[in-house]
Amino acid sequence: MTATQPGPLLSVRDLRVAFPTRQGVFEAVRGVSFDLGRERLGVVGESGSGKSMTGRAILGLVRPPGKVTASRMEFEGKSILNLPERQMRAVRGRRISMVMQDPKFSLNPVMRVGDQIVEAYRQQTGAGRAAARQRAMEMLEAVRIRDPERVFGAYPHEVSGGMGQRIMIAMMLASGPEILIADEPTSALDVSVRTEVLRIMDDLVTDRGMGLIFISHDLNLVAQFCDRVLIMYAGRVVETLAARDLHNARHPYTQGLLNSLPRLDAPRERLAVLERRPEWKDGPLDPALVDASMIDAFPGGVR
Amino acid sequence: MSAPILEIRDLRVWFGNPPDRVDAVKGVDLTVARGESFGLVGESGSGKSTILRALAGLAPTWSGTITVDGESLRGTRRSPAFHRRVQMVFQDPYASLHPRHTVDRVLSETLRLQGMDDIDRRIGKLLDDVGLGRGFRFRYPHQLSGGQRQRVAVARALAGEPALLLLDEPTSALDVSVQAEILNLLADLRVERGLTYVMVSHDLAVIGHLCQRLAVMQGGLIVDQLTADDLRAGRADSAYTRELIAASRSYAGREA
Ligand SMILES: Nc1ncnc2c1ncn2[C@@H]1O[C@H](COP(=O)(O)OP(=O)(O)OP(=O)(O)O)[C@@H](O)[C@H]1O
Ligand SMILES: Nc1ncnc2c1ncn2[C@@H]1O[C@H](COP(=O)(O)OP(=O)(O)OP(=O)(O)O)[C@@H](O)[C@H]1O
Ligand SMILES: [Mg+2]
Ligand SMILES: [Mg+2]
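Sequence order for the protein chains is A and B. Each residue of the first sequence is one higher than the one before, counting from 1 in UniProt numbering. Each residue of the second sequence is one higher than the one before, counting from 1 in UniProt numbering.
Among these hints, one or two may not hold up.
[To be verified] Far from chain A, by Cβ distances over 10 Å, these chain B residues were calculated: (1) Asn17; (2) Lys26; (3) Gly27; (4) Ala81; (5) His83; (6) Arg100; (7) Leu113; (8) Asp120; (9) Arg122; (10) Arg190; (11) Glu192.
[To be verified] Which bits of chain B does chain A cover? Going by a derived footprint, with three or more residues having C-beta under 8 Å, they are: (12) 136-148; (13) 181-188.
[Claimed, not checked] Derived contacts from chain B toward chain A, CB cut-off under 10 Å, selection only: (14) Val41; (15) Gln91; (16) Ala205.
Treat the hints as calculated values from the structure; they're not laboratory data. For every residue, glycine included, the Cβ atom is placed at its ideal position computed from N, Cα and C.
Work out the full structure, taking the sequences as your base and the hints as a guide.
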């Protein structure tokens, strides 16, 4: 890793996202803290545990009536918490990008795919039309789109699920952001295409010092591809570990996840399911399992 | 053996006209027995979703024959009997759920269309079955996480109590513990109600777990058909399939 700058790229403390609902306020994110360096940080967790919402909060994309608070949210030392939209636009896409979980839904349905990449790239870099077009084609080829010419001129509903994911990745990486938040970016890719796409992200981290937040349900992938992993459960980070230690996780939720994986080499009749315990949601965090930064945010355990 | 529930002969699906014509499926044969669980894997963009969409009447131009439960399909019109027999879970659940309909409305409309009674109880049961619980009943799609939306789509497909279920990456947005719950549920329903599945997935371990047989696609064609045992043993005719199996092993292999 190219550790040039002192201090993390991104520093988040006690991030909370709350929505008013019929049944009262629902906290989708409940005090998440972490630092991101020039590294691959995996985020794994329950469906609905706040992974996407954490990414959206960083980019100021939580829709009202959702409310975002944090005791710190700094990008290269400057606060980006609830920035006015105009200032946020200078950061979003240009310096911090996010590959959304529903790529085809996040693309404009009535605009050709290529034009969307070109437009985004020009907005972010001020490049001319021809240069932007060339860059867009390069990126489509880089993510292993077989017939980039055709896909360039296609509408989002005319591409497959995995092509949609790759288009989104191409669009978000074109301008060379300092941080990429990738939300399930490869779930619809076959293994060989996935390897290529991961290599592109990997190169950006190692060669250019990009920080990558990699949200995924694929435990084996995260264990191999990432440097560190945060495990989220019900809006909190319940365990942080080095990716290579993922298979020796100690939190019962993480262990449960590992046990529920189907395996080609060890077929079984039924898959193990988790017995979810209330203390995972509301009990104090275990200081042995999470970073000190998490505990700092929760003096005396948890509220 | 009884007549197969699904029989596809020389299926070709294309979009647009020359010179921009895209040939997405280029002559595919498939037979799925009643009560069987059949997997479809392969390259991204190889035509997997297109096959399911053609079956469901969502691909405007196709040729060949598709027979479901003895009924021969034509064009894009599907009979009421077809809709009772076949349900589909789409690859992107966001697009398949109406943005202004609550979960309750999505499920109750499907249940009513199928002429079911006792709607209230059934909705509760369906939400429990897919691990969402009744608290989600009056949510809108934008108030759900990716995996929660996918589970609503699975619940809607199950609501119609179909004989044949087409599943396009049904668990790819779910954490693996919820995936395990859904796969167990599907396995149970197959035993209890004799359901038949055609399931698309990139995860060979998921296919190996749920399916007895699978087809491997590349560039609009089926390049291999094999049994789950073949898959586990790495026995495959095509180099592409062997490559897929090897890649998936090496990457899951660390803890093995
Ligand atoms: N507008 C909203 N109103 C109320 N609750 C919401 C709203 N939007 C999201 N939520 C809830 O916030 C929680 C966190 O959602 P988020 O999308 O971050 O989950 P996730 O961890 O990304 O899950 P998945 O793996 O399924 O994508 C979910 O339980 C979801 O139901
Ligand atoms: N409406 C359409 N118009 C034009 N081309 C289309 C349309 N729908 C699909 N295609 C093309 O057909 C091919 C097959 O797409 P399909 O969605 O079936 O792939 P897939 O195997 O499901 O891939 P993935 O695993 O990425 O979802 C792709 O090249 C896609 O661009
Ligand atoms: Mg999500
Ligand atoms: Mg598809």
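Structure-based check of all given hints:
1. Asn17: Consistent with the label, Asn17(B) stays out of reach of chain A, its closest Cβ about 14 Å off (over 10 Å).
2. Lys26: It holds; Lys26(B) is separated from chain A by about 14 Å at its closest Cβ, greater than 10 Å.
3. Gly27: 19 Å, holds
4. Ala81: For Ala81(B), whose nearest Cβ neighbour in chain A is about 29 Å away, the distance exceeds 10 Å, so it holds.
5. His83: 23 Å, holds
6. Arg100: At about 15 Å from chain A, Arg100(B) clears the 10 Å cut-off, so the statement holds.
7. Leu113: 25 Å, holds
8. Asp120: Holds, since 18 Å exceeds 10 Å.
9. Arg122: 22 Å, holds
10. Arg190: For Arg190(B), whose nearest Cβ neighbour in chain A is about 13 Å away, the distance exceeds 10 Å, so it holds.
11. Glu192: Glu192(B) clear of chain A: closest Cβ-Cβ about 14 Å, beyond 10 Å.
12. 136-148: Result for this restraint: holds, n = 8.
13. 181-188: holds (count 4)
14. Val41: At about 8 Å, which falls below the 10 Å cut-off, the nearest Cβ of chain A leaves the hint on Val41(B) intact, so it holds.
15. Gln91: Given a least distance of 4 Å, the restraint on Gln91(B) holds.
16. Ala205: 4 Å, holds
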